[in-house]
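**Q** In order, the protein sequence lines correspond to chains A and B.
Sequential numbering from -6 applies to the first sequence in this note's numbering.
Sequential numbering from -6 applies to the second sequence in this note's numbering.
Just so you know, the hints here were simulated from the structure itself, not pulled from any lab data.
Bear in mind the structure is a predicted one, so any value in this text is a computation, not a measurement.
There could be a bad hint or two in this list.
Chain copies aren't distinguished; within one or between two, either way the pair holds.
As the list claims (entries may be wrong) - In the DSS-like style, the derived pairs of lysine-lysine whose C-alpha atoms are separated by at most 30 Å in a straight line are:
1) 324 to 266
2) 395 to 207
3) -3 to 207
4) 177 to 142
5) 324 to -3
Number of protein chains: 2
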Amino acid sequence: MTGKQAITPAHRYRNNDKAVGVGNAFWDSCEDNGLAGIVAELDNGVLRTAEGHEFVNFTCCSYLDLDSHPQVIEGAISALRRFGVLDHCIPRSRVQIPALLELEASLGELFSADVVCAISAGVASAGLLPLIASGHLGNGTRPLMLFDKNCHVSLAGAKPACADETEIATCDHHSIDFIEDMCKRHERVCYVVDGSDSLGGYAPVLELAGLQEKYGLLVYYDDSHSLSAYGNRGVGYIRSHSPVLDERTITVATLNKAFGTSGAAIMLDGYQKATLRVIERFAGALCYSQPMNTAAVGASLASADIHRTEELTALQGKLRANIQLFDSYLKTDHAGTEYPIRVIPFSDESVIHAGRRVFEAGFYVSPVFFPIVARGTAGLRVMLRAGQTSQQIRDLCAVLAKAGACQATELAEETPS
Amino acid sequence: MTGKQAITPAHRYRNNDKAVGVGNAFWDSCEDNGLAGIVAELDNGVLRTAEGHEFVNFTCCSYLDLDSHPQVIEGAISALRRFGVLDHCIPRSRVQIPALLELEASLGELFSADVVCAISAGVASAGLLPLIASGHLGNGTRPLMLFDKNCHVSLAGAKPACADETEIATCDHHSIDFIEDMCKRHERVCYVVDGSDSLGGYAPVLELAGLQEKYGLLVYYDDSHSLSAYGNRGVGYIRSHSPVLDERTITVATLNKAFGTSGAAIMLDGYQKATLRVIERFAGALCYSQPMNTAAVGASLASADIHRTEELTALQGKLRANIQLFDSYLKTDHAGTEYPIRVIPFSDESVIHAGRRVFEAGFYVSPVFFPIVARGTAGLRVMLRAGQTSQQIRDLCAVLAKAGACQATELAEETPS
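Chain A extracted, bound-state conformation (with noise of 0.2 Å):
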């Protein structure tokens, strides 16, 4: 190459050639084998392929069922004839239409805390976790960032960005004694974890609320995944249980989930009012011309409605009872929770197999595989929600249970063929 200067990478915090040289040839498979690039329309709550081919799918994350949702589709088009725009494009911390504000003061009410929008949670993390780890979200001292090791890519995905403003690290998942062991060496730590897992369980937030009561340990929560599907009017699983709900608790959440609408919330308490400008102003794309639009505000704003009615106690009621009928069918790791995540463990080798097999049956249930897991943890993902059908669920366990997985032994003899 004639002198040219060849490029080693560093490699500290990612690494593309690991994840799509291993990534890749799985999807490629799922590809070949129809359980990736599906495109298929939604009617009624039934996919249909271009081919004809119908199923339901049992990993869309819209828990609740809340996205097509009349009074949610109704409140996107209100929104839109009363404002007359999608969004009006200046950065909201110049200029700004009401429409971003009563969404934040009506969430604001709803999960009784101090709530900054985003278009994603992950544009949300990307902007919050480096201000974070430069010390202006907080005290003004730099923590040490704490990462979990099983945090989602979007959260992770900031390691790079925290780095250049403060010292990282990498924990074991749900490492304690880990974090306390940081707590004590270091004047601040900030811990990063899912506050809700995408492939199921919570984070260990009572453990954690004594981090925090003892050390000023700052938590930072993605709890996408709990949203609206749990707890009193839907405030999610950290919200339920943290006691520590003021400056050392940050919790964000996606709307697009159980929520059913579109956008993130970011949930504060005990902030002032001039940290609050600084994350408007410089917590990365919240500083943008780009809000979330005016469609997705006045879906929220019919979501957020729903959510202070019983209509919201009776589809968390469903889906918790949907639920147990699965765990009362399968054996997973998560049974007997009220998580709607579950793994059907697979080897590498037959996980694509099975899921063939079950979409064949009339279901899409994920396979997920290194480096959406770690190696070795195949499975497929199966997320139940609140309008599946009894039968659905029995027919797919059925089926399920066909391609492999455990069945939940009192049951053995009994499932359904």
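Got chain A; can you put chain B on it based on the hints?
**A** Same frame as chain A, now just chain B:
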């Protein structure tokens, strides 16, 4: 602090202390003077605060006023009714409703490119740039990632992630000689630059094309400020002028400015389907489960249809006429160009007072200052739009002149009062 470790930040690629430290005082001063934190209802192109102050926004990037076009709003509404959801929450690489594919096909035809959509240009760049850095969008060779010093923060923000996948460097604004020098020294170089600057001006697309032909230079443009506003069918500045429309040129552009909707378009040429799949699967938030919502898709389909008609040409003509009218009154660096942005220079001390005077007269123009612009180059940024009336432009120029703006010499005597 009893042996606790203090942290010294690296600050190689970013520095919140500097950004917040310097910028926040200016923002506060803006807000104290009523030039930031403004909330106003939009009605027929005029903004009205709760206190009843009315003003015309001269810092809105909807250069053709398509944001409030009735067809665009109706397009959003009809898509909401047709698809029945804002989003069907699951990564599109697995299952998607046809909404986004229809939009990508339409934009692909409109702009003669392979189009991939994202929820914002910032999200598109945060996803794509690290994949380019690791050689996965290209021939597999890691390029030196060369960031233009003035590139938008949504591009510069990707430096830390890119630096973990390859080497990066920053070059002076449009420094062709330096870029060529880097091309001579490295096997492969990717230059990251605004196609159209948020402070006015275009990238040197022909000179860059020379380097693309000579060295295989890859250029990554953000052309957000010229899409729709410029070129045949609104294809933007870069795709109007670059003779290199193949895999060596990648252009992203927001749909949130002159295009009038929400979201963003990545315009690609010559990439294989396998590479497009890698984008869908590994380009950061492009792989998450929150795509452009169906309202944004429907609005964008409607805007694309308008782009195919004479109406677009007429709107572009009106915008050009307004720009010329403005230039006939006030002298600025970009006078005489077709660019819709003008910056009126003021000192750091006078810029806010001047902005306040203009606002009181019924016009909003935004004060820009460090870190938005380089130190010592503060000013009032004016954005022209097709829908502003001649009278509004004349009146704005008169009050700007009174506030100290430099008048176009030949018209100095007859400036309206």
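**Q** So, for every hint listed, does it hold in this structure?
**A** Quick rundown of the hints versus the structure:
Within a single copy, residue 324 and residue 266 get their C-alpha atoms no closer than 49 Å, and across copies no closer than 40 Å, so neither meets the 30 Å cut-off. Taking the shortest Cα distances, residue 395 and residue 207 never come within 30 Å of each other, neither inside one copy (51 Å) nor across copies (60 Å). Proximity of residue -3 to residue 207 under the C-alpha cut-off of 30 Å is restricted to the inter-copy arrangement: shortest distance 15 Å between copies versus 55 Å within a copy. In this assembly of identical chains, the alpha carbons of residue 177 and residue 142 lie at most 30 Å apart only when taken from the same copy (20 Å versus 41 Å across copies).
Taking CA atoms no more than 30 Å apart as the test, residue 324 paired with residue -3 passes in neither setting, with 58 Å inside one copy and 47 Å between copies.
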